[in-house]
Amino acid sequence: MLPAMPPRQPDLDPAAAYPRITGLRDALDSGDWPACRAVLDASAPVERTELTMVPFAEPGLETFLRGVLDGDPGDGAAAALLGRHLIGTAWRVPTGARAERGAPRRPAGRTDGLVTAERLLVDAAARSPRDPAIWTARLVTARGLRLGRSEAARRYRRLAEIDPHHLPAQWQYLQQLCPEPGGDWEPAHAFARETAEAAPPGSFGPVLVAEAHLEHWNREHHRQPGAGRRYLADDRVRAGLHEAARRSVWHADFRHTHGWVRVTSTFAMAFALLDDRPAADSLFTTLGDLGSDHPWYHLGDPGAVIVKYRKRVAGGGT
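If you're matching positions, the sequence shown starts at 15 in the numbering used here and goes up one per residue.
It is worth saying that the hints were derived from the structure and are not from the lab.
Please note: incorrect hints may appear among the correct ones.
Unchecked claim - FRET-style restraints, in silico, Cβ to Cβ:
| # | residue 1 | residue 2 | range |
| --- | --- | --- | --- |
| 1 | Arg80 | Pro292 | 49 to 55 angstroms |
| 2 | Pro73 | Ala29 | 24 to 30 angstroms |
| 3 | Ala30 | Pro59 | 18 to 24 angstroms |
| 4 | Asp248 | Thr77 | 50 to 56 angstroms |
| 5 | Gly88 | Gly162 | 28 to 34 angstroms |
| 6 | Asp307 | Gly197 | 23 to 29 angstroms |
| 7 | Asp55 | Gly162 | 32 to 38 angstroms |
| 8 | Ile176 | Asp27 | 41 to 47 angstroms |
Claimed, not checked - Lysine to any residue pairs mimicking SDA-like chemistry, simulated, CA-CA at most 20 angstroms apart:
| # | residue 1 | residue 2 |
| --- | --- | --- |
| 9 | Lys325 | Thr300 |
| 10 | Lys325 | Gly314 |
| 11 | Lys325 | Leu288 |
| 12 | Lys325 | Leu301 |
| 13 | Lys322 | Asp290 |
| 14 | Lys322 | Pro292 |
| 15 | Lys325 | Tyr311 |
| 16 | Lys322 | Asp27 |
| 17 | Lys322 | Thr299 |
| 18 | Lys322 | Arg22 |
| 19 | Lys325 | His312 |
| 20 | Lys322 | Arg243 |
| 21 | Lys325 | Asp290 |
| 22 | Lys325 | Arg291 |
| 23 | Lys325 | Asp315 |
| 24 | Lys325 | Ser296 |
| 25 | Lys322 | Gln23 |
| 26 | Lys325 | Asp289 |
| 27 | Lys322 | Gly242 |
| 28 | Lys325 | Arg106 |
| 29 | Lys322 | His312 |
| 30 | Lys322 | Leu288 |
| 31 | Lys325 | Leu313 |
| 32 | Lys322 | Asp303 |
| 33 | Lys322 | Asn232 |
| 34 | Lys322 | Arg291 |
| 35 | Lys322 | Asp295 |
| 36 | Lys325 | Thr271 |
| 37 | Lys325 | Asp25 |
| 38 | Lys325 | Leu304 |
| 39 | Lys322 | Asp289 |
Please read these numbers as outputs of a predicted model, since none were measured by experiment.
Heads up, the beta-carbon is just placed ideally off N, CA and C, and yes, glycines get one too.
With the hints as extra help, turn the sequences into a complete structure.
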């Protein structure tokens, strides 16, 4: 009997699962704004927001998008793309020394970049007040500029009035609710539970339960050796993860629309860390050769870590 083949390196390029990314990338690369709009306008709201979040690196992208906005200041799609591009550029500025109480100081370049993005997005929201991609980006700047939970909650409420199940925004707001070291985790977990309970059957929203637990696990994991494992071993955590999966990835109505790979990957990592091998293996099987950087980057190189856990849950490793 031939030995089992080792798991293959997963394809982590989002375009492998979502072809519209390639269409938008090609249109941006050629400077064809009508073609860009055709891709974005044909997309459902969540997919449209996700497309604006792809870290496109085409040379001259900022200049091109500013030119589009100069021609039509009310083009919400161009504003959302440019806002996310400015945020991404600012976020890549290296973090400086740590402040006395342990929080990293924000380098001036990062703050300046986020302020520039925020000003652009404020204007964009005034011109296109019902564009969820713009409000999702404004949740990112609220967190990056440390505008506080009250302002983040205001922005999230505005977005939820437009689309109460807009997962990209829910992900961003959950990040805002995750506490500083030593803080209270209940607001984050409560938001995740409430979102899961309100989500339509088979939708992506229940993944926030897994996201909140993984964020909590990661904080405990880095706080003290073994603390993360003890956190996940709690029966309530395990039960909550299984219930969320039944509402989402294990539901008959779950669809492979934009975002499904990250959602499935998040549940797969949660169950892999729980050492719930049948649950994790079923999700790896669903993913096939696809994968996502998130949330596996918490454990190191995502591709290598995914291969390691695929092998472990399939019974080929420890």
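Cross-check of the supplied hints:
no.	hint	result
1	Arg80 to Pro292: 49 to 55 angstroms	holds, 52 angstroms
2	Pro73 to Ala29: 24 to 30 angstroms	violated, 19 angstroms
3	Ala30 to Pro59: 18 to 24 angstroms	holds, 23 angstroms
4	Asp248 to Thr77: 50 to 56 angstroms	holds, 51 angstroms
5	Gly88 to Gly162: 28 to 34 angstroms	holds, 30 angstroms
6	Asp307 to Gly197: 23 to 29 angstroms	holds, 26 angstroms
7	Asp55 to Gly162: 32 to 38 angstroms	holds, 35 angstroms
8	Ile176 to Asp27: 41 to 47 angstroms	violated, 30 angstroms
9	Lys325 to Thr300	holds, 15 angstroms
10	Lys325 to Gly314	holds, 16 angstroms
11	Lys325 to Leu288	holds, 15 angstroms
12	Lys325 to Leu301	holds, 14 angstroms
13	Lys322 to Asp290	holds, 15 angstroms
14	Lys322 to Pro292	holds, 16 angstroms
15	Lys325 to Tyr311	holds, 18 angstroms
16	Lys322 to Asp27	holds, 19 angstroms
17	Lys322 to Thr299	holds, 15 angstroms
18	Lys322 to Arg22	holds, 10 angstroms
19	Lys325 to His312	holds, 18 angstroms
20	Lys322 to Arg243	holds, 18 angstroms
21	Lys325 to Asp290	holds, 13 angstroms
22	Lys325 to Arg291	holds, 10 angstroms
23	Lys325 to Asp315	holds, 16 angstroms
24	Lys325 to Ser296	holds, 13 angstroms
25	Lys322 to Gln23	holds, 10 angstroms
26	Lys325 to Asp289	holds, 12 angstroms
27	Lys322 to Gly242	holds, 19 angstroms
28	Lys325 to Arg106	violated, 33 angstroms
29	Lys322 to His312	holds, 14 angstroms
30	Lys322 to Leu288	holds, 15 angstroms
31	Lys325 to Leu313	holds, 16 angstroms
32	Lys322 to Asp303	holds, 14 angstroms
33	Lys322 to Asn232	holds, 19 angstroms
34	Lys322 to Arg291	holds, 13 angstroms
35	Lys322 to Asp295	holds, 12 angstroms
36	Lys325 to Thr271	violated, 27 angstroms
37	Lys325 to Asp25	holds, 16 angstroms
38	Lys325 to Leu304	holds, 15 angstroms
39	Lys322 to Asp289	holds, 13 angstroms
Going through the hint list in order, the structure does not satisfy hints 2, 8, 28 and 36.
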